[in-house]
Amino acid sequence: MDTKSEIIAQFKQVAQEQDKRLAPLTDDLALLDSGLDSLCFAIVVARLENSLGVDPFSDDEDARFPVTFGDFIRFYENAAK
Amino acid sequence: MKMPRNNTASLWSAIIASGNLSSHLWAGPEANASWGELAQASILESRPGELRNQSVLIATLHQFSSIAALIELDGIARRIVLYPHDLSKEHIQYVAETADVDFVVTDRPDMASLLPQSCRLVRSGRAIVPANIDRGNPIETEWILLTSGTTGHPKLVLHTYATLAGDIDRADPVVWATFYDMRRYGGLSIFLRALVTGSSLVLRAPQESSPDLVARAALHGVTHFSGTPSHWRSVLMSSAAELMRPQNVRMSGEIADQAILNHVQQQYPQATVTHAFASTEAGVVFEVNDGLMGVPAEIIESSSRVELKVKNRTLRIRSRRAALRYLDKGSPSLKDDDGFVDSGDELELRDGRYYFAGRRDGTINVGGFKVHPEEVEAAINRHPEVAMSLVKAKKSPITGALVIADVVLRLPQSGSSNSVAVQSDILRFCRRELAPHMVPTAINIVPMLAIGEAGKMVRRNA
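Chains A and B, in that order, are what the protein sequence lines are.
For the first sequence, the tail end lands on 80 under numbering that gives the first Met the number 0, and the numbers increase by one without skipping.
For the second sequence, the tail end lands on 461 under numbering that gives the first Met the number 0, and the numbers increase by one without skipping.
Be aware that a few hints might be false.
Unchecked claim - Computed footprint of chain A on chain B; a stretch qualifies when at least three of its residues, placed anywhere within it, have a C-beta under 8 Å from a C-beta of chain A: (1) 15-24; (2) 36-44; (3) 155-169; (4) 257-267; (5) 382-396.
To be clear, the hints were calculated from the coordinates, so they are not data collected in a lab.
Keep in mind that this is a model prediction, so the values were computed, not measured.
Where is the CB? At the ideal position from N, CA and C, for every residue including glycine.
Go ahead and model the full structure; you've got the sequences and the hints to work with.
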């Protein structure tokens, strides 16, 4: 599975487990409007570390945090390169 | 500029002494007032003087109501218990009995039926009204803060105005904001800094998100902002971060890692980024301003106001900011014979700096929420197919840590699909029994767990 589909799958999976209503995942969706809270993001990042083998949040201490869903995908795509 | 330390006895006299009565408390729509208004007002629907020398528990939904009641009663009531609104209401009977509570100030109808019969109810209004309160013969009110305990009940920690605010230096007024709730130590210490220095203060309204609070604080010209590293990570992941330009960003409540210190400094190049160590029991212990994680050894070894030492790898603190004792019957002493509080935090010394290496009791800090592994293990072990379990921390760049569990089943599973089904069933079970931050984010089925020589499970964090 490519990075984007894996991220989408994890967002949906965690939202369902945590009983959150997930907003439509468009590129310009602000992450904090996605319906997921900090705990959900922490779980998504941990699961993506397992499935994609990267954790850009920990690997680069100076990278700018993503703000939109599109930023989030690029954050992982760049880390995987 | 350092001015004389403030030695006033109550919140009311501290407001008057600050001389800055027009600075404001902003706690949401229809929940704001100047310190001057708060000093001359009442929010309680009770006869004046009725609460003098009584033990009073404050359990309101809104922080604003708790603050107004606290200012009204400090120096008058014998004891004030601050009940955080996010603390489960099932603890109220234990807390009320342990603190010999005579009166409960609340705007929550659901509280009344849970109280011991000896408690009388005082309704708090929605707004303050001007009142002339008799401030003659003030007494030193005991303040009771609640902190999470290992047994399931919160612990009752005794402070006074002197331990909480006696060490705050007068300073020029600024505009503070905090993500913390002022009914817990972290928020209360920011509230007191603002009050003593005559600064304005922006607090969270009920249900308000962190980005919304940031936007509101920006409107009020926030200069000093305090929260956990997890709060700051969520701010940096929102466009609200751009709305303000704080001079000081303060982190506490969790270990600040180098990434979050760098990120905040990048976002606010003009700001001093501080990470502080404080606890309900020990008070504010130290602050680090050099932009690096960990603590310079000289802070531990030669602190002026607070005495620190590292014994058996854990940090011990002797300080006049420390709490006086626990109220709970049969609870261990809060200080050792020499007056040191054992923080339970393990430190490692590397190259002239101390680094936090977790908690001796294995407590896991998930975004500022403390999780006791034993409590989670007890829930997992109630699942009919589980023989035993070990709960531990996994590092997270978002919440500092997450909870994970190794589980040994009663009967070995025959196929991988079976064990996936059991894993999801245990997780469903945990979600029913536990608060969200306590639920393991991964369950690993393992054949056995290591047992140490004393017959206890070997605990080591991932």
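Results of checking the hints against the structure:
1. Restraint check on the stretch 15-24 of chain B versus chain A: 0 residues with Cβ-Cβ distances below 8 Å, three needed, restraint violated.
2. Remark: the stretch 36-44 of chain B is not confirmed as covered by chain A, as 0 of its residues place a Cβ nearer than 8 Å to a Cβ of that chain, below the required three.
3. Counting residues of the stretch 155-169 of chain B whose beta carbon lies closer than 8 Å to any beta carbon of chain A gives 0, which falls short of the minimum of three for the stated coverage.
4. Here the stretch 257-267 of chain B counts 5 residues with a CB under 8 Å from a CB of chain A, which clears the bar of 3, and the coverage holds.
5. Figure legend: the stretch 382-396 of chain B, annotated as covered by chain A; annotation consistent (4 residues with Cβ-Cβ distances under 8 Å, at least 3 required).
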